[in-house]
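*Asks:* All chains, full assembly: derive it from the sequences and hints.
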Amino acid sequence: MSWKTKPSSTMQIPRRAEPYVSPAVAERWEREIVAKYHVRQGALMPILHEIQHEHRCIPYQAMVEVARFLGISPAEVLDCATFYEEFSLEPRGRCTIGICQSIACEACDHKPLLDHCRRTLGIEPGETTSDGAFTLLAMECLGSCDTAPVALFNETLHEKLDVPTVDRLIAQARQVPAGSHHH
Amino acid sequence: MRLTEPVLTKRIPGCVPGISDGGTAARATVSFEQYKATGGYASLAKALDMEPAKVIEFVKEAVVRGRGGAGFPAGLKWSFLPQDDGAGHRYLCINCDEAEPGTFKDRLLCDFDPHLILEGIAIACHACKLDTAYFFIRGEYHHQAKVMEKAIQEAYAGGIFGKGGLMRRPGALSVDCFLHRSAGAYICGEETGLLEAIEGKRGWPRVKPPFPAVKGLFGRPTIINNVETLAAVVPIVEKGVAWWKGIGVESSLGGMPSYGTKLMGVSGHVNRPGVFEAPLGVKLSTLVNDYCGGMRKGKRFKGAIAGGVSMGVLGTDQFDAAMDFDIGRACNVLGLGTACPTIFDEDTDMVMVARNIARFFKNESCGQCTPCREGSGWIYKLLCRIEQGSATTADLDLLLELGMSMGLTPGTTICGLADGNNWAIRTIVGKFRGEFEKRVKPKFVPVHVSAH
Ligand SMILES: Cc1cc2nc3c(=O)[nH]c(=O)nc-3n(C[C@H](O)[C@H](O)[C@H](O)COP(=O)(O)O)c2cc1C
Ligand code: SF4
Ligand code: FES
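If you read the protein sequences in the order shown, they are chains A and B. Each residue of the first sequence is one higher than the one before, counting from 1 in the numbering used here. Each residue of the second sequence is one higher than the one before, counting from 184 in the numbering used here.
Honestly, I wouldn't trust all of these hints.
As the list claims (entries may be wrong) - Here are some of the chain B residues that sit facing chain A, going by a computed Cβ distance under 10 Å:
1. 281
2. 286
3. 289
4. 317
5. 363
6. 367
7. 381
8. 396
9. 400
10. 403
11. 450
12. 456
13. 488
14. 528
As the list claims (entries may be wrong) - Far from chain A by the CB rule (all over 12 Å, computed), these chain B residues:
15. 353
16. 392
17. 438
Derived by calculation from the structure, the hints in this document are not laboratory data. Even for Gly, the Cβ is constructed at its ideal location relative to N, Cα and C.
*Replies:* So, in structure tokens, the structure goes:
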């Protein structure tokens, strides 16, 4: 867990003309998400999930618009967005590789996988390649300890991994062109 | 001690070796139709014929101890709810955070028999008069979230949830069930951290009291139960209290009994890791040798995490530990936890194990309490130093002192995460002290002697 704060209260946040929370989006969220919670703020995590999924990060402008939509302060949105590891203020790569580093995976040799990713991608855990293709993460237990070592490639879990398989998965992910969506 | 028939894994092949064929039988998600066709939702029908208070009594009598880690009896928890005050919503939150390293048992139920969980949820809502259930699932369970969402939709269409739901019984409560995905924070498995997350806040555990039964989600009465706890209620309603009490063991230490079957996920250095269903009280050595086909590569057993890293470790001489709720007092660990042991063979470096676990707690401390936030960081640093060979005996003492000063038991923190950290480190260092001593240099204390 870590705390990130807006660098300063006078920081200019990047803005674009097109709103993140368009009237159509607001209408759909109202129906599909807000309706499930008896207090509006309850809808915040599902909304942040949607934004993270779509943009691979939570843009500041989107946070301000979501705050207005839910009737809470932007600080409350920032508070939530920075607490959870799955949400990121910096854009994540088109393929996020999350190697499990918890005890069953370390006991079953996760290290060669992590080292291989480091070497092949030239980045450390927590970093994104400069072309925006990959983010490497060292994650805690993914709940699949019986098939250790494991890793998530975006939303897909890969079990009983070895270095050649990781290599193949990285090669496959490279085929995904920039600007497209890969799950 | 073996089960003669699978209970929670009735529809999931391969969980009770010797009964349903391990490994070879194909597993698939059981649909609503298949679930009903195999006797599903019959327990709910039976429960709906009973007065809600009667159902609570029933679960109380069966002593269904919580399967999420603490072993608190579910019936007792349910009876803490205030009587229906008619003033607003009452909630059930289903804890499927399952982020405790080494734990992967709830996932099995989500993957293959989601309606067993949903039936348990419906029964709990009837018993406790709860109108909204949130199925709280960890963010990393992408596939399981999809399976559960689909099953929930099926249950709405099948007349379990929604308006006119609960099997469309006249007078029955209408219950809503929603999926809430977390986003990667172990602390949200703690029940009040979980509530904060559903409320759209950072998952900081709350100071108790007030307890969630009185003031929980959105300030209203709330029950929080683990996935497996709710699933266990289903066969109990079907087959009765006496049957349930016939499985498992009484306490040998004069404590609360450990009745029923338990999902046990075994990982680490064994030949056939996986989730097995066993009666509580089964020996760890039986799980390893019998269920898991023995130690990998014929190596010797060195130690095991008892049930999730928070519980601490079992030593080499505790291979025959009985996996029941007495294990804490019997084997000097924190408790049974999730009953998902990770097994280590003779080649395992226990300093590495301690350092790995310490990093986990340092990463996952929510930072609210100073002893936990700072202590977890220091413990990790000290263990890195010991692992690299640059520590002294004084560091080892400091490590234990830090461990003992953080947690609910010394009374310095808000939640039990720090106790998990504390127990993990103290039991590893305590039971494998020789390994740590070999890695540290003696610290020479200057002694001034003056000659007269
Ligand atoms: C740090 C921490 C993490 C926890 N994580 C989980 C979890 O992932 N799943 C779970 O069911 N219980 C977890 N618990 C226990 C819950 O607080 C709570 O006791 C449990 O969900 C109650 O359900 P039960 O009585 O049915 O076991 C955790 C507790 C702590 C202190
Ligand atoms: S004990 Fe640790 S995890 Fe629990 S509330 Fe305090 S700081 Fe957070
Ligand atoms: S330790 Fe890696 S999946 Fe559990």
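*Asks:* Confirm or reject each hint.
*Replies:* Do the hints match the structure? See the list:
1. For residue 281/B, the suggested interface contact is upheld, since its CB lies about 5 Å from the closest CB of chain A, less than 10 Å.
2. Annotation: interface hint on residue 286/B holds; nearest CB of chain A at approximately 7 Å, less than 10 Å.
3. The restraint placing residue 289/B at the interface with chain A holds, with a minimum CB-CB distance near 8 Å, inside the 10 Å limit.
4. Among the interface hints, the one on residue 317/B holds; its C-beta lies about 8 Å from the nearest C-beta in chain A, closer than the 10 Å criterion.
5. Given hint, residue 363/B at the interface with chain A, holds; its Cβ is 7 Å from that chain's nearest Cβ, closer than 10 Å.
6. The interface hint given for residue 367/B is met, as the beta carbon of that residue sits about 3 Å from the closest beta carbon of chain A, less than 10 Å.
7. Given the 10 Å rule on beta carbons, the hint for residue 381/B holds: about 6 Å separates it from the nearest Cβ of chain A.
8. Against a cut-off of 10 Å between C-beta atoms, the interface hint on residue 396/B is violated, since the closest Cβ of chain A lies about 18 Å away.
9. Interface restraint check: residue 400/B against chain A, minimum CB-CB distance 9 Å, threshold 10 Å, status holds.
10. Contact between residue 403/B and chain A, as hinted, is supported at the beta carbon level, the nearest pair being about 8 Å apart and thus within 10 Å.
11. Here the hint on residue 450/B is kept, as its CB sits about 4 Å from the closest CB of chain A, short of 10 Å.
12. The beta carbon of residue 456/B comes within 4 Å of a beta carbon in chain A, closer than 10 Å, and the hint placing it at the interface holds.
13. With a least beta-carbon distance of about 7 Å to chain A, the hint placing residue 488/B at the interface is held under the 10 Å criterion.
14. The beta carbon of residue 528/B is positioned within 10 Å of a beta carbon in chain A (closest approach about 9 Å), and the interface hint is therefore held.
15. Distance check for residue 353/B against chain A: the nearest CB is about 26 Å away, which clears 12 Å, and the non-interface claim stands.
16. Separation of residue 392/B from chain A is adequate, the least Cβ-Cβ distance of about 22 Å exceeding the 12 Å criterion.
17. Chain A leaves residue 438/B outside its interface by the beta-carbon criterion, the shortest separation being 28 Å against a cut-off of 12 Å.
The structure does not agree with numbered hint 8 stated previously, though it agrees with all others.
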